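Enquirer: Okay, here's what each chain looks like letter by letter:
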Amino acid sequence: KAGVTQTPRYLIKTRGQQVTLSCSPISGHRSVSWYQQTPGQGLQFLFEYFSETQRNKGNFPGRFSGRQFSNSRSEMNVSTLELGDSALYLCASSWTSHEQFFGPGTRLTVL
Amino acid sequence: AQTVTQSQPEMSVQEAETVTLSCTYDTSESDYYLFWYKQPPSRQMILVIRQEAYKQQNATENRFSVNFQKAAKSFSLKISDSQLGDAAMYFCAYTRRGQGAQKLVFGQGTRLTINP
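Read top to bottom, the protein sequences are chains A and B.
Add 27 to the 1-based position in the first sequence for the working numbering, that's all there is to it.
Add 1 to the 1-based position in the second sequence for the working numbering, that's all there is to it.
In case anyone wonders, no lab produced these hints; they're calculated from the structure.
Just so we're clear, the structure is a prediction, and the values are computed from it rather than from any experiment.
It cannot be assumed that every hint is accurate.
Chain B is faced by these chain A residues, among others (derived, beta-carbon under 10 angstroms) [to be verified]:
no., residue
1, G43
2, G55
3, S58
4, S60
5, R82
6, G85
7, F87
8, P88
9, S92
10, F96
11, G111
12, T123
13, R134
14, T136
All C-beta atoms in this analysis are idealised placements derived from N, C-alpha and C, irrespective of residue type, glycine included.
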């Protein structure tokens, strides 16, 4: 089976812009979770989608949003980018809670 | 809220030796999973080992084993016969068991260096 894929791998944006990141889960996985990784805050949970519904949400401002499509692919959107949004954004897919498989991440740089 | 603490920001070990990475966690739940993930320089998170809280037996995966002390809320990772390819950031993580419990709570990580 193909692993979790994320596009794009690298992204450079300027403050105030918005960005959309994409994640394709492993075939058959219906849950997709997003995490933000920064040197200062470490790995933090953003949100999780299951069957097109947001099931869990982390403690992030409303500028961070996501959605999931009927084929389980997921997108996350960050509006009005701030310098502090520069991070590695990781997507993980799972079939059950006892094992999540991560994608390679999208490195977002905000200038 | 659940928290995970890794008190060793960095560790180093000689190739072929054994190293133990520490992790403690805090939760009021009785049923949960604990994980160790490895993140090499490529940044790809790789699951190393998983432990179910309801199982008393410590999990083992080849050279990797854990020491799970539920009462003490401790979950350490032992790497035997360390190899150069083991060099990476290691993250301890927790998630509660049950439907909808996909949120992983991570520790701050331990950077492991393998000396040849």
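Enquirer: Go through the numbered hints given earlier and state which of them the structure violates, listing their numbers in rising order.
Expert: 1, 2, 7, 8, 9, 10, 11, 14
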